[in-house]
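6 protein chains.
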Amino acid sequence: MEQKPMNILCVAAHPDDVEILCAGTLARYSQAGHTVTIAVFTSGNMGDAQIPPAELAFIREKETREAAAILGAKLIWAGIDDEHVFPNQEQRRIMIDILREADPDVIFTHSPNDYHPDHRYVGQLVFDSYFQKGLPHIPNQQRPACRFGQAQVYYMDNLGGIGFLPTEYVDITAVFEIKMQMLACHRSQVVAMQELANTDLLGMVEVQARFRGLGAGCRYAEGFTRLDAYQRGLTHRILP
Amino acid sequence: MEQKPMNILCVAAHPDDVEILCAGTLARYSQAGHTVTIAVFTSGNMGDAQIPPAELAFIREKETREAAAILGAKLIWAGIDDEHVFPNQEQRRIMIDILREADPDVIFTHSPNDYHPDHRYVGQLVFDSYFQKGLPHIPNQQRPACRFGQAQVYYMDNLGGIGFLPTEYVDITAVFEIKMQMLACHRSQVVAMQELANTDLLGMVEVQARFRGLGAGCRYAEGFTRLDAYQRGLTHRILP
Amino acid sequence: MEQKPMNILCVAAHPDDVEILCAGTLARYSQAGHTVTIAVFTSGNMGDAQIPPAELAFIREKETREAAAILGAKLIWAGIDDEHVFPNQEQRRIMIDILREADPDVIFTHSPNDYHPDHRYVGQLVFDSYFQKGLPHIPNQQRPACRFGQAQVYYMDNLGGIGFLPTEYVDITAVFEIKMQMLACHRSQVVAMQELANTDLLGMVEVQARFRGLGAGCRYAEGFTRLDAYQRGLTHRILP
Amino acid sequence: MEQKPMNILCVAAHPDDVEILCAGTLARYSQAGHTVTIAVFTSGNMGDAQIPPAELAFIREKETREAAAILGAKLIWAGIDDEHVFPNQEQRRIMIDILREADPDVIFTHSPNDYHPDHRYVGQLVFDSYFQKGLPHIPNQQRPACRFGQAQVYYMDNLGGIGFLPTEYVDITAVFEIKMQMLACHRSQVVAMQELANTDLLGMVEVQARFRGLGAGCRYAEGFTRLDAYQRGLTHRILP
Amino acid sequence: MEQKPMNILCVAAHPDDVEILCAGTLARYSQAGHTVTIAVFTSGNMGDAQIPPAELAFIREKETREAAAILGAKLIWAGIDDEHVFPNQEQRRIMIDILREADPDVIFTHSPNDYHPDHRYVGQLVFDSYFQKGLPHIPNQQRPACRFGQAQVYYMDNLGGIGFLPTEYVDITAVFEIKMQMLACHRSQVVAMQELANTDLLGMVEVQARFRGLGAGCRYAEGFTRLDAYQRGLTHRILP
Amino acid sequence: MEQKPMNILCVAAHPDDVEILCAGTLARYSQAGHTVTIAVFTSGNMGDAQIPPAELAFIREKETREAAAILGAKLIWAGIDDEHVFPNQEQRRIMIDILREADPDVIFTHSPNDYHPDHRYVGQLVFDSYFQKGLPHIPNQQRPACRFGQAQVYYMDNLGGIGFLPTEYVDITAVFEIKMQMLACHRSQVVAMQELANTDLLGMVEVQARFRGLGAGCRYAEGFTRLDAYQRGLTHRILP
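Chains as they are written, first to last, in my numbering: chain A, 1 to 240; chain B, 241 to 480; chain C, 481 to 720; chain D, 721 to 960; chain E, 961 to 1200; chain F, 1201 to 1440.
Don't read these hints as lab results, they were simulated from the structure.
Backbone N, C-alpha and C fix where the C-beta goes; we use that ideal spot for every residue, glycine too.
Fair warning: there could be bad hints in the mix.
Claimed, not checked - Across the chosen pairs, the derived CB separations fall in these ranges: (1) A917/D x A1249/F: 44 to 52 angstroms; (2) P112/A x N568/C: 51 to 59 angstroms; (3) Q674/C x E195/A: 49 to 57 angstroms; (4) R939/D x K314/B: 54 to 62 angstroms; (5) Q382/B x R939/D: 25 to 33 angstroms; (6) K74/A x E1137/E: 49 to 57 angstroms; (7) Q870/D x G993/E: 28 to 36 angstroms; (8) G273/B x F628/C: 29 to 37 angstroms; (9) G993/E x A904/D: 44 to 52 angstroms.
Claimed, not checked - Simulated coverage check for chain A against chain F, where a stretch passes if three residues somewhere in it have a Cβ under 8 angstroms from a Cβ of chain F: (10) 118–132; (11) 229–239.
To be verified - Selected chain E positions facing chain D (in silico; Cβ < 10 angstroms): (12) Q1110; (13) G1123; (14) T1127; (15) E1128; (16) G1173; (17) G1175; (18) R1186; (19) D1188; (20) Y1190; (21) R1197.
Generate coordinates for the entire structure from the input sequences, incorporating the hints supplied.
This is how it looks when you write it as structure tokens:
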């Protein structure tokens, strides 16, 4: 690749969101020599009807680390309680520190009209924090300001593409198996969705990638939209 | 009716919002044998220039119970202070318990771009809570989780139809008188609007129902939009 | 089914468009006892680099009749030259006669922002003609006016869902095999796309139906939007 | 009024469209001393199931002249066959001459997404012609170019407000009776809609004006949107 | 001017936002005899990499008072910490008191999709408070309710016009020099942007005003959109 | 540049549209070794109040060839009468031949909501023809089919950015002087706009490029949107 190495950050609400919506793109970045960080904002600890939250958080962090390791990605595990994301001052402080730790050139996160409140508020917290990551005088942060540079924010697709029309695509055909291996690490989810909802998570994610491939003109794709902002109107491609 | 009985919930911000925007539809549901719950999130206690808040709350609860009784609907009176709805953790807890109490198949609430902040934030709280009502491990709730099933959310019209284009209609011609009787129970509002703002509330609501009837092809109608979400793309009609 | 029998019409631009986008829904209507008419506006005769137009038109009409026969649907073959749909007076006359022949309660056609001009203009001609089908004094028509009744128009999805967010879904799981059998009748297209573009048409259509099923909450679905118009705001469901 | 007198033009597709959607606004202009021209593009001659077109055209022109006379407005009767508006070269020539004859500062016409093709294409012809009215070298016109000045185009509401959210309102409370008198001149329509469709046209128009009044904050209003175009971003109000 | 004097309020997030986006319009109001209040919600104290927040707040308040003095405008300096605007109860109380102090007929503030969180949340707080400013029973306010009258809210443009299409324009050609003098008072920003970001703030603002002038048909303009709300559909112009 | 050489086509309605909206981008392509074709659909022969059409066409073709020569671009001069673009069969034949002659990988044209009908209809003709350029059996064409490959279509900005929000930017800072030299070749327009409308065309175009630079984060930019279509969802950048 001809670009200089970039820091790539994906901030998701729950432990398997990255794999479902963005892992192929992260794999492409990783193979091209960029530094990839995965930040998972909640521990996903409310997501099972039987397993108690503390135990589930333990399981899901372990699965997530396993998945991140496949990419050689750094993992930031924020450990917020599942279903408890709020765009308030306390969680904004946490998000600013996540951004500072990753010092990203490119950020992926959930889009504003997602069906799950945790998804929507994680996306909002990213949008609220991406300007402040580079300001040195924000009080009560754990980490010093990172570069002020203008990180680009991309919004991820959602399952079923509800209210989502991608404007950017990444061809993930060559890395599709990596994406599926990462997803398969989330055994607790794959099993729970199969048993409780009779849902084949791996199959659903393949259908979604095939469908986005129909739009993109390749076999498998991930779709995104871009958050446009002042002086961030891209004049070159930074997606893989 | 050929459908199995459903639980219908309307969550409104103020005591007369249900009557203005949704009572005809609720009457149709009620007549068809479904269970109807009306939840009023605030007591509407700031809505008069003269009457002190505590007294006004008392009056409005009484009027609201009278209106709900016409339908035989259950009333949930949350009693939040008028003009004080916020999508924060405390009020989300309250909203989750409201949803758990009603265990709804269908929810009606205010649409996102409504002119009144209480309306907007009640709608946001519903959207934030409809997933969590069925999760058993959410801490600090008063009520146990209800069914996890996928409640459908419909957004109600607003007076004057500002920024609102209905995509679904319910013919309320046969129950229009019931709607007007329910509205007339809110004497404090009907009188206050007449005296203070020289506004004929009953006449306004009739104009609105007639206008939506022009769109729907019947004499009186109520209009709605539907919140689409993953796996909630309806394949059958659940409106009356 | 409890509805009285309706006349269902699908007007598509090319011989396989119906099968790709609407055949499952038509099969559901057919099984429920409604009368289904398929109108194909062009002969699809320009769609092959080798086969001369006249020969291709002959092949495609034969394939289309075979597919329609699976449903027991009536076929209207307008025979306009492929790539030559224009919303002019001459073709509007033809479209008015198609609508009069089918006398539809429900019409399916292409949506306005489709990538192919024939698709866009067939949809425009339907929108231009659905009012006039019931007016007795339109001159130079081959057929007398049909019922003036207010036909409902639904716009079909497109491959890849480009610029298309369904607002209505039909569960086609039970009739998916019928849809695929109908599509398989279009051998000239299935083979041509495989050989020329290395594209598996049947596989693509399955992916699309699975993806719309993710949104709808069933295994296979077809998605639609509805053309809203004065006094056509539906107060009951007419989709299967 | 403090503005200098302007030329106001309303171009509608059918004889009663002006009265339904714009007559109050035209009455306000007229009372303020502006010159009002009403152009009716078709004769409305297909609009009755019994009366032959030639006879109906005669009746409707007479009714329209009577209505226009109430305002003292000039009437341009283009006499195109009802249901036969097309945005082609021939009809554009006619529209350019209409604009040249009225030499308008302000134009009202149908909005792009109207349910009736004649409405949509009249609006399109106006948009296609408003630049050319002032160009002296357009061949084959009956009339010389009028002023090149930048006429402002407003789109009218439609019955039921389908797909239409007004951005501008005119308070027509003081002239509402004039609007209703003008509408009542269209006896053939008022009677036909009552007998054939059991529709009270005058009542419908009153409901619409009341509803727009709810949005506008007055008793009766007409609503509009504005066609924005290069150097036409208004910096003063030209509506009454 | 023929209108009776109005109270005009501009609520901005940071000390130079008013000058960049609205000062020309405020100057027009001021010259026409209306009362202009400028409210700056944060002190802008985090906006420099070197200068400590307390010192920067002192500098920026002084610069802002100097700019406001050019207009003879009243300044409300809320002094919230820069980058710390949240639409919570505490800051809503502050915003309600700001509105009560200014008792506005017209309010200008930031639009909802602005790139900076402080901008977005100031706009949200205004929208959340404009109804409550006139309600006498809101507890814990510093100021008594002002008039209940329906203030009109206009959203300001943003630099580069990202996601912003003006629907209203004000011709500021005659007062453009005043706008630039006011902007020049913000020396700390003009210098910081020049030195740190090599950005010519005055030049950028001139380009923006010229560009909006291209849309408006004059040399310099400011562009706005209007927040439409029930009974606020304007029937006369209140912009200068 | 690392891409293989592409054929770039800009199809504009009038002789100076290319220079105003796209010339910087074309210059970037040209410098990178791609083949650039400029197609001007009308002769611009109605654009002057004094100069007769035939003479003006002669002048404008000469100016346009001069401008194209600066880029070393091929010019296709279709010579349609100014103000006479229609999306009919005759002009579609001409547009198909233009596309076949250029055999483009990338096409730039006018966007759908442009204020000038010639602009809108040229864009529509391009959208109607880009699929057919590669079909060998279209009758009555002057040129054989070109490659079937999927040309990408970008819509150009318009003066004042009316209804236009760029989603893609090209940094034209390094080639801005070339753009201005090309524009200056259109002496008849530069002089006419100065004398008749007191408009400084060169200054306006500089303001527009500066403004788009504010969005893009560079000194001068041109902005575009992309027409998305089935299998055309770009997975790499083809803009310079």
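Structure-based check of each hint:
no. : hint                                 : verdict
1   : A917/D x A1249/F: 44 to 52 angstroms : holds (51 angstroms)
2   : P112/A x N568/C: 51 to 59 angstroms  : violated (43 angstroms)
3   : Q674/C x E195/A: 49 to 57 angstroms  : violated (39 angstroms)
4   : R939/D x K314/B: 54 to 62 angstroms  : violated (38 angstroms)
5   : Q382/B x R939/D: 25 to 33 angstroms  : violated (47 angstroms)
6   : K74/A x E1137/E: 49 to 57 angstroms  : holds (53 angstroms)
7   : Q870/D x G993/E: 28 to 36 angstroms  : holds (30 angstroms)
8   : G273/B x F628/C: 29 to 37 angstroms  : holds (36 angstroms)
9   : G993/E x A904/D: 44 to 52 angstroms  : holds (46 angstroms)
10  : 118–132                              : violated (count 0)
11  : 229–239                              : holds (count 8)
12  : Q1110                                : holds (7 angstroms)
13  : G1123                                : violated (16 angstroms)
14  : T1127                                : holds (6 angstroms)
15  : E1128                                : holds (8 angstroms)
16  : G1173                                : holds (9 angstroms)
17  : G1175                                : holds (4 angstroms)
18  : R1186                                : holds (8 angstroms)
19  : D1188                                : holds (7 angstroms)
20  : Y1190                                : holds (7 angstroms)
21  : R1197                                : holds (4 angstroms)
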